[in-house]
Amino acid sequence: MASVQIADVRKAYGSTQVIHGVDIDINDGEFVILVGPSGCGKSTLLRMIAGLENISGGEIRIGPKVVNDVPPKERDIAMVFQNYALYPHMTVADNMAFSMKLRKAPKSEIDERVSKAAQILGLNNLLERYPRQLSGGQRQRVAMGRAIVRDPQVFLFDEPLSNLDAKLRVQMRTEIKELHQRLKTTTVYVTHDQIEAMTMADKIVVMHDGIVEQMGAPLELYDRPNNLFVAGFIGSPAMNMLKGKITAAGFAAENPKGGAGLVWPIGKLPADSDGKAAIYGIRPEHVRLDPEGIKAEVVVIEPTGSETQVVVRCGGQDLTCVFRERITALPGETIGISPDTGVTHLFDAATGKRL
Amino acid sequence: MALAAAESRTAYKLDQSWLVRLFDNKTFLICICLFPAAALLIVFLSYPLGLGIWLAFTDTRIGRSGYFIGFENFVSLWHDKVFITSVWNTLLYTSVATVGKFALGLWLALLLNNNLPFKSLLRALILVPWIVPTVLSAIAFWWIYDPQFSIISYVLVDVLGWRDTYIDFLGQPWPARWSLIAANIWRGIPFVAISLLAGLQTISPSLYEAAMLDGANAWQRFKHVTLPMLMPILAVVLTFSVLFTFTDFQLVYAITRGGPVNATHLMATLAFQRGIPGGQLGEGAAIAVAMIPFLVMATLFSYFGLARRKWQQGEDND
Chain A
1 MASVQIADVR
11 KAYGSTQVIH
21 GVDIDINDGE
31 FVILVGPSGC
41 GKSTLLRMIA
51 GLENISGGEI
61 RIGPKVVNDV
71 PPKERDIAMV
81 FQNYALYPHM
91 TVADNMAFSM
101 KLRKAPKSEI
111 DERVSKAAQI
121 LGLNNLLERY
131 PRQLSGGQRQ
141 RVAMGRAIVR
151 DPQVFLFDEP
161 LSNLDAKLRV
171 QMRTEIKELH
181 QRLKTTTVYV
191 THDQIEAMTM
201 ADKIVVMHDG
211 IVEQMGAPLE
221 LYDRPNNLFV
231 AGFIGSPAMN
241 MLKGKITAAG
251 FAAENPKGGA
261 GLVWPIGKLP
271 ADSDGKAAIY
281 GIRPEHVRLD
291 PEGIKAEVVV
301 IEPTGSETQV
311 VVRCGGQDLT
321 CVFRERITAL
331 PGETIGISPD
341 TGVTHLFDAA
351 TGKRL
Chain B
1 MALAAAESRT
11 AYKLDQSWLV
21 RLFDNKTFLI
31 CICLFPAAAL
41 LIVFLSYPLG
51 LGIWLAFTDT
61 RIGRSGYFIG
71 FENFVSLWHD
81 KVFITSVWNT
91 LLYTSVATVG
101 KFALGLWLAL
111 LLNNNLPFKS
121 LLRALILVPW
131 IVPTVLSAIA
141 FWWIYDPQFS
151 IISYVLVDVL
161 GWRDTYIDFL
171 GQPWPARWSL
181 IAANIWRGIP
191 FVAISLLAGL
201 QTISPSLYEA
211 AMLDGANAWQ
221 RFKHVTLPML
231 MPILAVVLTF
241 SVLFTFTDFQ
251 LVYAITRGGP
261 VNATHLMATL
271 AFQRGIPGGQ
281 LGEGAAIAVA
291 MIPFLVMATL
301 FSYFGLARRK
311 WQQGEDND
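Sequences listed follow chains A and B, in order. Start counting the first sequence at 1; every next residue gets the next number (full-length UniProt numbering). Start counting the second sequence at 1; every next residue gets the next number (full-length UniProt numbering).
These are calculated hints, taken from the structure and not from any lab test. Values in this document were obtained by computation on a predicted structure and should not be read as measured data. Errors might be hidden in some of the hints.
Stated by the list, open to error - Incomplete in silico selection of chain A near chain B, CB under 8 angstroms:
| id | residue |
| --- | --- |
| 1 | Tyr13 |
| 2 | Leu46 |
| 3 | Ala50 |
| 4 | Ile55 |
| 5 | Gly57 |
| 6 | Val66 |
| 7 | Asn68 |
| 8 | Val70 |
| 9 | Pro72 |
| 10 | Lys73 |
| 11 | Phe81 |
| 12 | Ala85 |
| 13 | Tyr87 |
| 14 | His89 |
| 15 | Ser99 |
| 16 | Arg103 |
In this text, a Cβ means the ideal position worked out from N, Cα and C, and glycines have one as well.
Using the sequences provided together with the hints, build the complete structure.
Below, the structure is given as structure tokens:
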């Protein structure tokens, strides 16, 4: 196991720069998730750690060693690919043993490690099968088994769950997390799915257009997003954002339809902000039903069973709310809502930074 | 309400002609659809093949219809030194040329699979030996192998000074055989290279990346990833290549006509030589028929050798 340090790393293809100086410190044994929309450079960064892409600038260290010019096979890392990249002509056991066979490890040791990994992942009955004969989830496990057998310094996962169906994805999420708690190997995991990131990571790195937008523990990112991008990216359904001005009475939202805007309560007014153009963020789950509150017209109701998602229109704006209660109102009717003032967010309209 | 609605519906009776109903008959439809293809196969494939086999058992000559003579043609061929030589020539020609084509073709395919500058141009150029008509390239080789005007001799003698005399490529049996094999290899490489290149491109790059992370060097990646993944297409291309080479006629006939003194005859050229210019249609047909067992063996090899390997099978074939 080892720590990984990424210092001012850049990547350019010809004159197009895709990663603009990224700094990330990954502690020994930490589970770090790089998350962001497609094209943000997260997979490229992972491939640079693996050595599959050249590093155009900056420095990557695995343990104490700078690995910029170390070939992939000497970096002592294992990677799980999105398409699993299992060798189709080898059995499950051979797939897992391949790296050790190349290193000419004694057969007894190979067998021992393979059977141990198979046990951890529940693959004992599948060792003689070929990848084609396995289901998606089983292939996924074999790919992880191949990584475990190596006992590497760092595990790298490149969107490993995106080829699985929704239910299996949730199950594998738990399995990977459990595996990490058990093996405690430093892990870097790439995904575009913020729920995966929130549920699994010790530390989330939100990337966007080749830069790090914010880095921190999952709940820290959820509670205090640094900027509009992180606020909109983390959390599902996404945070409601209203344009308007900060006033002493609260947040005066614009009415896009031209009428009078609503005034939303603010928990703690930032200093020197009176009259400032800003964006007011409120998460759907932080809106309460309140007969005394703001009157809002119900547009769409989507019950999920455990909760009810409601899109309401108030002050000319559409707002998504999530209620624990079941709603009996019909579209077109009016309900009263009010935000939890303690957990609202304010962002500078010009810079997008948190106020 | 519902009852009234149901009653007001009018059920129209299907009133179709017998022709429409005939075309709805599955058996009839199958027969009529198969007919054109079957007719083509029978007229242009089965009939000539059957006629050839029949001729092999007769003493037909040009201008004289023959009589059935049983295995007489084959017995006489068994004692015919020229025929025996042609069999050995064919086997040598096929085996050496196939090995050569595959070694060079695979090498070329691996080179072209890399990111080279002008990749598409190079790939197109590779095909040139294949798209040039065989007779045209044969004439080019005829010049290259000419005892007096050969460019190879010219380079070796006059430019480099490595030899004192011009090489007699086609005047001696063994040099002539190797010269023909070289020409066949040159002509066969594109087919092998392009087919294998297509096979190489189906191999997922992430397999190479996984192997690289697993610690495999370039040779190990070739041995453990490229080669096994290429095996299925390799076997198909191999079978085709063997069949094409075994039945080759044009190159040899255009360059040496089987000479010197029948030393480079292949079975195909000898069959033609005896049957058409020689007029012995029965004997020529017998030589051609003698190729059939070899071709059947090659086909069987492909049938069994190419049977889907276990790893290619899906879960239902476990």
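Against the structure, the hints:
1. Of the supplied interface hints, the one on Tyr13 of chain A is violated, with its beta-carbon coming no nearer than about 13 angstroms to a beta-carbon of chain B, more than 8 angstroms.
2. Taking 8 angstroms as the C-beta cut-off, the interface hint given for Leu46 of chain A is violated, the closest approach to chain B being about 12 angstroms.
3. For Ala50 of chain A, the suggested interface contact is upheld, since its CB lies about 6 angstroms from the closest CB of chain B, less than 8 angstroms.
4. For Ile55 of chain A, the suggested interface contact is broken, since its CB lies about 16 angstroms from the closest CB of chain B, more than 8 angstroms.
5. Against a cut-off of 8 angstroms between C-beta atoms, the interface hint on Gly57 of chain A is violated, since the closest Cβ of chain B lies about 23 angstroms away.
6. Interface hint at Val66 of chain A: violated, since its Cβ lies 19 angstroms from the closest Cβ of chain B, which is beyond the 8 angstroms cut-off.
7. Evaluation of the Asn68 of chain A hint against chain B yields a violated restraint, the C-beta minimum of about 17 angstroms exceeding 8 angstroms.
8. The interface hint given for Val70 of chain A is violated, since its Cβ lies 12 angstroms from the closest Cβ of chain B, which is over the 8 angstroms cut-off.
9. With its C-beta approaching chain B no nearer than about 5 angstroms, Pro72 of chain A sits inside the 8 angstroms limit, and its interface hint holds.
10. Interface hint at Lys73 of chain A: satisfied, since its Cβ lies 4 angstroms from the closest Cβ of chain B, which is below the 8 angstroms cut-off.
11. Because the closest C-beta pair between Phe81 of chain A and chain B is about 5 angstroms apart, less than 8 angstroms, the hint holds.
12. Of the supplied interface hints, the one on Ala85 of chain A holds, with its beta-carbon coming within about 4 angstroms of a beta-carbon of chain B, less than 8 angstroms.
13. For Tyr87 of chain A, the shortest C-beta to C-beta distance to chain B is roughly 6 angstroms, which falls under 8 angstroms, so the interface hint holds.
14. At a threshold of 8 angstroms, the smallest CB-CB gap from His89 of chain A to chain B is about 4 angstroms, leaving the interface hint in force.
15. The beta carbon of Ser99 of chain A comes within 4 angstroms of a beta carbon in chain B, closer than 8 angstroms, and the hint placing it at the interface holds.
16. The beta carbon of Arg103 of chain A is positioned within 8 angstroms of a beta carbon in chain B (closest approach about 6 angstroms), and the interface hint is therefore held.
Violated hints, in rising order: 1, 2, 4, 5, 6, 7, 8; the structure is consistent with all others.
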